[in-house]
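There are 2 protein chains.
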Amino acid sequence: MDLKSSIIEAVTELFQMFGLNSYFKEEIYEKHQFIGEQVNVLIGLTENIKGNVIIGFKKSTASQVISAMMGGTEIKELDFMAKSALGELANMALGSAIMKLNTEKVISLSPPTVVVGEDMSLTVSGNNSTKLIFNLNDDIFNIIIAID
Amino acid sequence: MDLKSSIIEAVTELFQMFGLNSYFKEEIYEKHQFIGEQVNVLIGLTENIKGNVIIGFKKSTASQVISAMMGGTEIKELDFMAKSALGELANMALGSAIMKLNTEKVISLSPPTVVVGEDMSLTVSGNNSTKLIFNLNDDIFNIIIAID
Numbered sequence: 002m003d004l005k006s007s008i009i010e011a012v013t014e015l016f017q018m019f020g021l022n023s024y025f026k027e028e029i030y031e032k033h034q035f036i037g038e039q040v041n042v043l044i045g046l047t048e049n050i051k052g053n054v055i056i057g058f059k060k061s062t063a064s065q066v067i068s069a070m071m072g073g074t075e076i077k078e079l080d081f082m083a084k085s086a087l088g089e090l091a092n093m094a095l096g097s098a099i100m101k102l103n104t105e106k107v108i109s110l111s112p113p114t115v116v117v118g119e120d121m122s123l124t125v126s127g128n129n130s131t132k133l134i135f136n137l138n139d140d141i142f143n144i145i146i147a148i149d
Numbered sequence: 002m003d004l005k006s007s008i009i010e011a012v013t014e015l016f017q018m019f020g021l022n023s024y025f026k027e028e029i030y031e032k033h034q035f036i037g038e039q040v041n042v043l044i045g046l047t048e049n050i051k052g053n054v055i056i057g058f059k060k061s062t063a064s065q066v067i068s069a070m071m072g073g074t075e076i077k078e079l080d081f082m083a084k085s086a087l088g089e090l091a092n093m094a095l096g097s098a099i100m101k102l103n104t105e106k107v108i109s110l111s112p113p114t115v116v117v118g119e120d121m122s123l124t125v126s127g128n129n130s131t132k133l134i135f136n137l138n139d140d141i142f143n144i145i146i147a148i149d
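Chains as they are written, first to last, in our numbering: chain Z, 2 to 149; chain A, 2 to 149.
Calculated from the structure, these hints are not laboratory results. No false leads were slipped in.
Given that identical chains are not distinguished, each listed pair holds provided it fits within a single copy or across any two copies.
Computed cross-link-like contacts, BS3-like style, restricted to lysine-lysine with a CA-CA straight-line distance of at most 30 Å: (1) K132 - K59; (2) K101 - K51; (3) K60 - K26; (4) K32 - K5; (5) K77 - K32; (6) K132 - K106; (7) K77 - K26; (8) K59 - K101; (9) K51 - K132; (10) K5 - K59; (11) K26 - K132.
This structure is a prediction, so every number in the text was calculated from the model and none was measured.
Model the full structure from these sequences, guided by the hints.
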């Protein structure tokens, strides 16, 4: 399984674990520059896969996901705990995706960074980058994968 | 030498190589949440040091640095090439800082991601995070170091 397929599978399964119904919708090839979402969770990959993965949510979608992770607690604002939960989600999703690659090669993840703002642009390095769009209930979120 | 001291030394030397006169000014302890600058370059660290380093510039300062890297070429806008140069700068600075640690332990760097925008907030994980402020001519830039 390649990294893209394993991320799609891992994210779908993880969201399902939290009672969230998500599915992969489409892939958009955008090369190196992306418009950021309101909430972006970045994780770097090193060793045998070098790159970055960025999960992007609208604030409302992020709140919905965090609420599901916290057993339905209403999320009024994206405080530190809420952002940490999103970081942990990304960590779990990528950890699971790497397991699915079923390789003995070492692939390491950097700790997540959560970037919140409006109208931001994200520039990734690497030769091979893509944006995966997922449906989540009536909403969407996306995952940028950039591999060197 | 610890990571903080080695980053300060590496950045100062690197900027000097490009004819830029920078010096470390002060350290601000801000725990896990930081106000982003207009231009932020993120690099993740894995293996024996897990964390993230974020170099933050105002757009005008970033342009000044890129111009110096490109032998004085005037930078009118932060296009892909300009942002790639900043990513490469961060890569060089951290590579050099890790050499200065003089350890045989493996420390890996993820490829840089450049995030440009206004009024963004950055949330890092880890128990130990700090912001280093540097002077650069009449301006300042900063480096956030967050270690798990």
